[in-house]
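We have chain A; now place chains B, C and D onto it with these hints.
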Amino acid sequence: MSSVASWEAEYLRSKESNATSAPSFSHRGLSAPLEDDLLIPDVQLGEPLPEETPLEQLTRHWMNERHAPDILPAQDVLLGSILDHIRRQSDTIQLLRGDPSTSEEEHIRIMLAQTEVERVQFVVRSYVRTRLYKIEKYARYIIANEDVQTRITTAERDFASRHANIMDRHFYSSVLQSLPESQAGLDDTPHFIMPPMVTEPETTRAVFAHALKRTIARTPEGKTIDLPKGSLTLLSYAAVADLVAAGEVELV
Amino acid sequence: MDDYFSIDAILAENQRVGCRFKIDIADMGHLGGGGERDITRSNTLQLPIWLVYTVVLSDWADMIMPPAFGSKVRNALKADPCSVRLSGLVGAGGLWYVFGKTIMEILDKKQEMSDLLTNTFRKRLVQVIDQAQHFNALGPAGGVGPGGDSAQSFREGLDGTERELFALAQEGAKRMKRWYEESDRGRR
Amino acid sequence: MTSDESYGALANQLVLQSKLSMDLGKLLPYDGPLVRSMLQEQKDLDRKVQQMEGNGVKVGHSSWPALVILVRVMHQNKRCLLAYHKQRLDLLQAAYWDAGGAVGHVLENQRGNMSYEEIRYLQGYGESVLIYREQVDPQDVMSLTMGVENPGRGPMVTVEVEICPGPIYTESGMVDFKPGRRYILRRADIEHLILQGYLREL
Amino acid sequence: MSLPHTLRASVTPPELELIACQQLVDIVPLIAMEKTAFISGAYGPLRPPHKARIPLWMAVTLKQKKKCHILAPEWLTVEYLQLKLTQETTQAEFTKLPFRFAELSRVMLDVASDDLQNPDKLRSLLQDLREARQAKARAGLENLEHSALGLSNLSAMEINEIRPFFIEAMAILGRLQPGA
Chain A
1 MSSVASWEAE
11 YLRSKESNAT
21 SAPSFSHRGL
31 SAPLEDDLLI
41 PDVQLGEPLP
51 EETPLEQLTR
61 HWMNERHAPD
71 ILPAQDVLLG
81 SILDHIRRQS
91 DTIQLLRGDP
101 STSEEEHIRI
111 MLAQTEVERV
121 QFVVRSYVRT
131 RLYKIEKYAR
141 YIIANEDVQT
151 RITTAERDFA
161 SRHANIMDRH
171 FYSSVLQSLP
181 ESQAGLDDTP
191 HFIMPPMVTE
201 PETTRAVFAH
211 ALKRTIARTP
221 EGKTIDLPKG
231 SLTLLSYAAV
241 ADLVAAGEVE
251 LV
Chain B
253 MDDYFSIDAI
263 LAENQRVGCR
273 FKIDIADMGH
283 LGGGGERDIT
293 RSNTLQLPIW
303 LVYTVVLSDW
313 ADMIMPPAFG
323 SKVRNALKAD
333 PCSVRLSGLV
343 GAGGLWYVFG
353 KTIMEILDKK
363 QEMSDLLTNT
373 FRKRLVQVID
383 QAQHFNALGP
393 AGGVGPGGDS
403 AQSFREGLDG
413 TERELFALAQ
423 EGAKRMKRWY
433 EESDRGRR
Chain C
441 MTSDESYGAL
451 ANQLVLQSKL
461 SMDLGKLLPY
471 DGPLVRSMLQ
481 EQKDLDRKVQ
491 QMEGNGVKVG
501 HSSWPALVIL
511 VRVMHQNKRC
521 LLAYHKQRLD
531 LLQAAYWDAG
541 GAVGHVLENQ
551 RGNMSYEEIR
561 YLQGYGESVL
571 IYREQVDPQD
581 VMSLTMGVEN
591 PGRGPMVTVE
601 VEICPGPIYT
611 ESGMVDFKPG
621 RRYILRRADI
631 EHLILQGYLR
641 EL
Chain D
643 MSLPHTLRAS
653 VTPPELELIA
663 CQQLVDIVPL
673 IAMEKTAFIS
683 GAYGPLRPPH
693 KARIPLWMAV
703 TLKQKKKCHI
713 LAPEWLTVEY
723 LQLKLTQETT
733 QAEFTKLPFR
743 FAELSRVMLD
753 VASDDLQNPD
763 KLRSLLQDLR
773 EARQAKARAG
783 LENLEHSALG
793 LSNLSAMEIN
803 EIRPFFIEAM
813 AILGRLQPGA
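Residue numbers (this note's numbering), protein chains in the order written: chain A, 1 to 252; chain B, 253 to 440; chain C, 441 to 642; chain D, 643 to 822.
Looking at chain A on its own, in the form it has when it is part of the complex:
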């Protein structure tokens, strides 16, 4: 695919994700860029708030995930489309970088594209790694709870079961197999005051909730808290978990 064509494809595809039209990188000396024949952008990906671009959406989900004590609903469609976009942009940069005759203007544009790719890569990586951290930490809790599994991708669920498996195997080979029969399990329910052996997310932990629209939070004790549009409240995550999933509240 010649370099101009690759940017063409990129340009046409970018018109699908956001309304503005843009001619491609024009290769030095080649014909003038395409006229702006505005294509009607097809349906936006997912159901973002009206003016949120895919990257803005991912940034919101990234911040939500970084702050929430529990694991949030997966955004694999959005994530997949952004990964695609990064790959296409990187391929285009590779092609253009290989061409020795690029002008100074072209060189700067490549550097801008490269700078952005690394920024978006970082957001995607931090988002994914934050979810992985929670999945590792609550692997056995996730395995035991169907409802949690609906919030994660198949790859994450497989990772959770592999993780629970290698941990159980490790505990067994290092400790449990040498313990008396009565003690060899990982699911004791001792009648003493002792925390459960399965670590659970601390959903009562506080978060800073920014209301994107006027809404009502409900604390675990049943108290309701009015959240005016644009307000910022420090309160228990459990009180806003549903609102965060519904996109009415974001965690900042």
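Do not take every clue at face value.
As the list claims (entries may be wrong) - Calculated cross-link-like contacts (lysine-lysine; reagent style DSSO-like; alpha-carbon spacing at most 27 Å):
#1 B:Lys330 / B:Lys361
#2 B:Lys274 / C:Lys498
#3 C:Lys483 / C:Lys498
#4 B:Lys429 / D:Lys763
Source of the hints: derived by calculation from the structure; they are not laboratory data.
Chains B, C and D in isolation, oriented as in the chain A frame:
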């Protein structure tokens, strides 16, 4: 704090509390770390918190209200919570609040102890963050924080939980300072 | 386990090692002997409990409190053993990511501190991450195992060679690193070498 | 764990700065560039001396290459910040400021102070504002109980500074309730 695998949670429950036994128990004398072979009735042993629950809730022993929560301390805390050196009551690194929570769980009327713990904690909180942010600005060398030695003695009097909060507040302030300083050099 | 040893003393030693390791932020040598003597203590306690149960000790029996206390001590020992092992796994996983996902690099530095089971665990963990990446991002577009601490630094970075990693192929061609020399390279090409300590970012 | 220890308790200033730099700013380009499709959106064309609106990260990259001037946002002026400082020091609640004003002003002052009017005065006003608001956030601690605390108008960076401390303090208060 109460995660099964949490090292800090386990260490917190190693703190010892005095228990006066109401029954004899053969060859358990060493539980209290002492030399005797058996526990005999009305013996008082210092037991780790994780064991106190078992013996007290089974009514084999009564927990002795430690001086750290005696009336003298309670009155001092009601008068001026910032003046009391909590670390002096439970030993440096000791956990006065965790200690109080344990006792609360065993007491019948829990509200009074909860109020004591909550009010003490909240009133000392502003002082903890003030010092952490100011102390940080001067840097560890600048030991004399606001109010000179009274600040110094307040810091020394922090219990383990407060010390952790002090470190959290300091870390937050340091991170901000680093970001401001770094961005000066980083970009030009 | 001598009788004058207060129950839980060994467990306390073990957990204090974990606390020291947490405060230092590094893996201490695996304390096999202490773990083994605790497992022995558990067996002795269990035998004593079995004997008491054999002698008909149950609720209301004069020795019932002693039996309950012994069982409580066993549960506490078990929690300390598992917490000690879990804390070490957390450190090993952190070391894995700090080394940009290079299990070999972690083993090179930590093998002496690790038990045989921990080596197997780390290898299993590394494989599991790669299986996950294969499913989610086969071309590693997001560079899953790269750093997540300093975002947005410019694409180019100046580095100095600490340990010579030898010739490395990067997108901008072959780089034959010489000790002590400085290079300006694309961050993405050499970030893993920074993480593993071969290069130092200036 | 797949997340380093330092990142678990809270988001970091560099991460907040990365987000802030997604914000669009006006520039006067010194280089021509066709309209181009980036991942975050399509920007340009850049046609000197016409103004253009691009993300701050892009403006920073161009400015470092001396390929543009960045126009200060309307709130980054001595008059506006002076007014805000007066409000801040005379009323109890936090005054309204752009949510990421700390990061944006920091980046602008670092990279494009020559494009700003009286940068040193801006720095001192921002520092005074920061200290006045930090004192207010601390005061907010007194009515901290384990349920909810309103902190409207606090900015992203200010939230981040008090986050680990406030959240842990609330968790402790929660644990000190009977039957917690």
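### Query
Hey, lysine 274 of chain B versus lysine 498 of chain C, does the alpha-carbon distance stay inside 27 Å?
The given pair, whose Cα atoms are some 19 Å apart, holds under the 27 Å limit.
### Task
Would you check the hint for lysine 330 of chain B and lysine 361 of chain B, treating anything up to 27 Å between C-alpha atoms as holding?
Since the Cα atoms of lysine 330 of chain B and lysine 361 of chain B sit roughly 19 Å apart, the hinted pair holds (cutoff 27 Å).
### Message
Given the hinted pair lysine 483 of chain C and lysine 498 of chain C, is their Cα-Cα distance within 27 Å?
### Response
Holds - the C-alpha atoms of lysine 498 of chain C and lysine 483 of chain C are around 20 Å apart, at most 27 Å.
### Query
Is it true that the CA of lysine 429 of chain B sits at most 27 Å from the CA of lysine 763 of chain D?
holds, 20 Å
Checked against the numbered hints above, the structure violates none of them.
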